[in-house]
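Residue numbers (my numbering), protein chains in the order written: chain A, 1 to 345; chain B, 346 to 690; chain C, 691 to 1035; chain D, 1036 to 1380.
Worth double-checking, as some hints may not be accurate.
[To be verified] Just so you have them, the derived chain B footprint on chain D, three or more residues with Cβ under 8 angstroms:
1. 1085 to 1096
2. 1120 to 1129
3. 1334 to 1342
4. 1368 to 1376
[Claimed, not checked] Residues of chain D clear of chain C, computed beta-carbon distances all greater than 12 angstroms:
5. Gly-1219
6. Ser-1231
7. Asp-1233
8. Gln-1254
9. Arg-1255
10. Leu-1284
Keep in mind that the hints were calculated from the coordinates and are not lab data. Glycine residues also receive a C-beta, built at the ideal position from the N, C-alpha and C atoms.
There are 4 protein chains.
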Amino acid sequence: MIKVGIVGGTGYTGVELLRLLAVHPDVQLTAITSRKEDGLPVADMFPSLRGRVALAFSAPEKADLSQCDVVFFATPHGVAMAQAPALLAAGVKVVDLAADFRLKDQASFEQWYKIPHTCPELLEQAVYGLAELNREAIQGASLIANPGCYPTTMQLGYYPLLKAGLIDAGALIADCKSGVSGAGRKAEIGTLFSESSDNFKAYSVAGHRHTPETAAQLQRFTEQKVDLVFTPHLVPMIRGMHSTLYARLTKEVSNEELQSLFEAQYKDAPFVDVMPFGSHPETRSTRGSNMLRMALHRPGNGNTVIVLVVQDNLVKGAAGQAVQCMNLMFGLEETTGLTQIALMP
Amino acid sequence: MIKVGIVGGTGYTGVELLRLLAVHPDVQLTAITSRKEDGLPVADMFPSLRGRVALAFSAPEKADLSQCDVVFFATPHGVAMAQAPALLAAGVKVVDLAADFRLKDQASFEQWYKIPHTCPELLEQAVYGLAELNREAIQGASLIANPGCYPTTMQLGYYPLLKAGLIDAGALIADCKSGVSGAGRKAEIGTLFSESSDNFKAYSVAGHRHTPETAAQLQRFTEQKVDLVFTPHLVPMIRGMHSTLYARLTKEVSNEELQSLFEAQYKDAPFVDVMPFGSHPETRSTRGSNMLRMALHRPGNGNTVIVLVVQDNLVKGAAGQAVQCMNLMFGLEETTGLTQIALMP
Amino acid sequence: MIKVGIVGGTGYTGVELLRLLAVHPDVQLTAITSRKEDGLPVADMFPSLRGRVALAFSAPEKADLSQCDVVFFATPHGVAMAQAPALLAAGVKVVDLAADFRLKDQASFEQWYKIPHTCPELLEQAVYGLAELNREAIQGASLIANPGCYPTTMQLGYYPLLKAGLIDAGALIADCKSGVSGAGRKAEIGTLFSESSDNFKAYSVAGHRHTPETAAQLQRFTEQKVDLVFTPHLVPMIRGMHSTLYARLTKEVSNEELQSLFEAQYKDAPFVDVMPFGSHPETRSTRGSNMLRMALHRPGNGNTVIVLVVQDNLVKGAAGQAVQCMNLMFGLEETTGLTQIALMP
Amino acid sequence: MIKVGIVGGTGYTGVELLRLLAVHPDVQLTAITSRKEDGLPVADMFPSLRGRVALAFSAPEKADLSQCDVVFFATPHGVAMAQAPALLAAGVKVVDLAADFRLKDQASFEQWYKIPHTCPELLEQAVYGLAELNREAIQGASLIANPGCYPTTMQLGYYPLLKAGLIDAGALIADCKSGVSGAGRKAEIGTLFSESSDNFKAYSVAGHRHTPETAAQLQRFTEQKVDLVFTPHLVPMIRGMHSTLYARLTKEVSNEELQSLFEAQYKDAPFVDVMPFGSHPETRSTRGSNMLRMALHRPGNGNTVIVLVVQDNLVKGAAGQAVQCMNLMFGLEETTGLTQIALMP
């Protein structure tokens, strides 16, 4: 059994990790920390876990995380970088669900996240946890930078087109929509039910932290210089993410060739579902599951190709992807503990 | 023109007062206070008011509320009692949308609201602003205690039955449901979209502040000793309140007589709609309007009578009712500025 | 492996059976019928099942259901009674998720469901599938009448009080609320998003089919003559049911005794969670799981006791309960394939 | 008083016309037709209108629409073209809220709407009812083609940029999102609450009827050859439309110049609100009102300009815009009867 610790278990990615790990056949939940909730049984905060998770939160200094085999950080940016060096030195693997190790470039990190990076020496060692494009590296990794939710959809959607050199890498437009849980479990007026229900809006249009992550990783994976306009929007639903990805074709290619390209790319990816050409994937078809679904469109058979991508932002976009990485790091079947079927309706 | 001031305009009852008063033909919005937002144009906080309300918030000490004809308090409990005496002394009428003057009994107030009452001498002078049962007193009032949202529905629903002596006043069960806006515009985790959407729960079942208000007022209005079990629930919708009121008949009475009793009671009430016997009123039929609708049921023609009551908790349950009181206090037609039709769908 | 057939797989209880049975370790999905969708792969209708369920719908006459070990009817009322006799004669067990066998009294059935009963001889043989109160009978059954969603909550909530003779069985008031999926997957205006979102209403207050089912079963289980006022309401959420059960205590009893009574009753029931006295269970704590949670209240320590009960109407209220029955009928552990943790948020 | 008839009053645009016209100071509601609901009081179908609209539906052959001054068609495509010629001949003005007269090109109409056009001779006479770009023509019109909801946002958002020749007219990408009421009040599974709540999806990506309308009208208004990729999506909210419009700048221009361009264009348009550069308009800021709000963005100060546009699809996107046209046609102030403030929250 893999002994698992979770730092910061009171947010949505934390409780989602608990939901998944509590039924994972190879995992023993060992510790979960929260300074504020020290001593509180986890199931008192999240009644969905009553009878299923017996752990209580413990203050960080009381939890001996060095006894774990792997520690997940479901924390705000900046926490993992403070604790990862000691854990790694103790032989504990680390999966950071925040952004501390997502950007290889320290200056870019500090510009976008407005905090100094305290262990830049780990940036090169950290492995970007997007299994579909980086599986081998993850298998040998000690430190995982779990991808952002939006970047997961954008990278998997654009990668085949960029890799094949079919589109103008300098003119990508990603119009993306997320459920409200993406904003986290924080007491804020903007995400109150009465503010975000029966409403739709864009946010951070001038610049969002997931733009540099996506552009940099796509360049690493495809060796193409990427220029990306990324526009996030807030949808009145709890979970779910829908990315509408636009690209301009620069070569002659048939729709069948496009479809084959995507199917070939993801034929061995258990969590990527390439739907028939012209499908309209719905976010609910992934609700609660680790599946990401996508479909191709080409309006008027013109030179614009559209990739529609959906996922559950808390599963494939966060906690599920992190468990997927853990499975690979520990030599388990990639799908272990991740076979939940989406809740529909 | 009536010069109107609003204390505490940043919450949901505040912005709802603004929506109603901005189109009221006899009102001139004169001042709106908020210590925290001093100087901020109201329309910057509430874009729905862009081009319609030119006022900016001002700190309380800068706003000369004594120049107003009437001041509405859309504030937490305890604010109105601090400022009302001076305003009344200056000849300004006061409408408190909070609970400071709802309970005539000081001890009961202090027990339920956990704060000392600082001007108990005004409790007797304060007039309970439920126009349908207290119209004359409101017309002559200087200080209005605007009723709570739940109590409005419970009083109007139970009153005809109690007044006629048809039911057991000692065995009332009110099962009530409210939209989330009733919790106010406060940064709290419990009313986040991701917490209260796609969910339903009861709250404060052990005891809610609206129980003593309702019981005491019903006793005043009907001279019957009332014992009330009141169970509030939270519905995943922004606005709307639905009260399902149960009572045990103690006299022989036909359904036609019951229906006639209610129709006669409210035939001159412009904001109470007694629907046909056996109807199922929907909250959305009142969304954004000052109408309250109700319908009678008698399952199996047994001795239980059910009154279903719906309203918009922010209009008839709060801001609209306050404007209705203002109209009466200033000798205007009761419906002035309150003729909005519900938004449906 | 248990060979399972499903009749009527295009509704919400049908797809929910598929979600549960597709991951059940002892089940082999063998046939699923739909006259209208003959030949259509199930996953084309429900993309959540892509890659997980390979079956296609087949017309009833093509599907050889007699080869199954058990057949679930997720159909409108009246279908199971037409097909059950032949299946039972062929040695196939039958679980009806509709109402055909819920009422032992043929006249009552025909009065409430407005259709003649075509195999009344099976009514006595049919076993009511409420495992928590009827486990032994279910283990030996060939024909299961799966309980209605509302009746499940009402029976489990009232049973301990009635059985112990603590309450007035002639004055039960059940104020119940259901998510919209309870209305089924039918093209109707009343359950359109634009009609039932941001809205709350009661329905069928004059009389609902779940009243006679609940009253009759409670009488069978407790031997008390039950009189029940049951008021259903529609909540703008997909899944979830919340019953607020009122009863009048007729004996002296402490809150601790009440709590102990319930805990003792359900200590061996893996899907009933008796929460601490005074808790407010939320429907979302059961979303997607087979758990039913309940909590006791006693406002003002008076003579009214309130039981709050929540469940997912499609799982414990329908498909999950049916699988629970199947597990018992085939000698499996009661929880097999039903260990999903609720999705929260 | 203007005598108004409505053909097809049972859908969402119909009831929205009633909500607006019932409080319009210069209108007398004269007739409302529905074959199916002949004789039913309008308020029985829409309880929000109880006490406010006394009319009953009447069968088309009973309603003498020729006595009206103006008739609104809130019908499926194809109805207005059948009745408009006779009404126009009788001197009655006609406003069609469907698409019968939106496309000047008969062949294009028949290709996209799959029905023959029965009065092509009226296509040239029909005036496109987008007041902000076509005010004078509307003032003199007898027959109005009320714009589609999406086209309203796309035209008002792109027009200033195209007119000024600042962008590549051959590379417009409009990513648009609509509330569910846009799908109408029809009994269909796809728009059930349980299907479209807590979900997000694109639809008709291969081609939507609003593409040719928008492209053709923009060409008429700007004399530029427009090529448009338009992608509609469905948002789980009742009302509201958000268009995210992308364009590539082809000339040097500062953000201040862009902002001034838009402000100048719409300074006399009472229902267009150009918000400060970089704002994020929310759909709810227009809920129930005839306002359309927009804001400009330029990510990274690059060559992509984004226009965010929001409106209530049933008001400015349908019924409100139709009333705005009526006001102009009858020489009234453009804003008469359309001063409702958005409902927020």
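The hints, checked one at a time:
Given as covered by chain B, the segment 1085 to 1096 of chain D passes the check, having 3 residues with a CB less than 8 angstroms from a CB of that chain where 3 are the minimum. Remark: the segment 1120 to 1129 of chain D is not confirmed as covered by chain B, as 0 of its residues place a Cβ nearer than 8 angstroms to a Cβ of that chain, below the required three. Under the rule that three or more residues need a Cβ within less than 8 angstroms of chain B, the assignment of the segment 1334 to 1342 of chain D is violated, with 0 such residues. Taking a C-beta to C-beta cut-off of 8 angstroms, the segment 1368 to 1376 of chain D contributes 3 residues in contact with chain B, enough for the three needed, and the coverage statement holds.
The Cβ of Gly-1219 of chain D sits about 9 angstroms from the closest Cβ of chain C, inside the 12 angstroms cut-off, so the non-interface label is violated. The Cβ of Ser-1231 of chain D does not lie farther than 12 angstroms from every Cβ of chain C; its closest approach is about 5 angstroms, which violates its non-interface assignment. Not every CB of chain C lies more than 12 angstroms from the CB of Asp-1233 of chain D, the least distance being 6 angstroms, so the non-interface label is violated. With a minimum CB-CB distance of about 34 angstroms to chain C, Gln-1254 of chain D clears the 12 angstroms threshold, and the non-interface call stands.
A cut-off of 12 angstroms between C-beta atoms confirms that Arg-1255 of chain D is not in contact with chain C; the least separation is 33 angstroms. At roughly 38 angstroms, the least C-beta separation between Leu-1284 of chain D and chain C is larger than 12 angstroms, which holds for a residue marked as non-interface.
Checked against the numbered hints given earlier, the structure breaks hints 2, 3, 5, 6 and 7 and satisfies all the rest.
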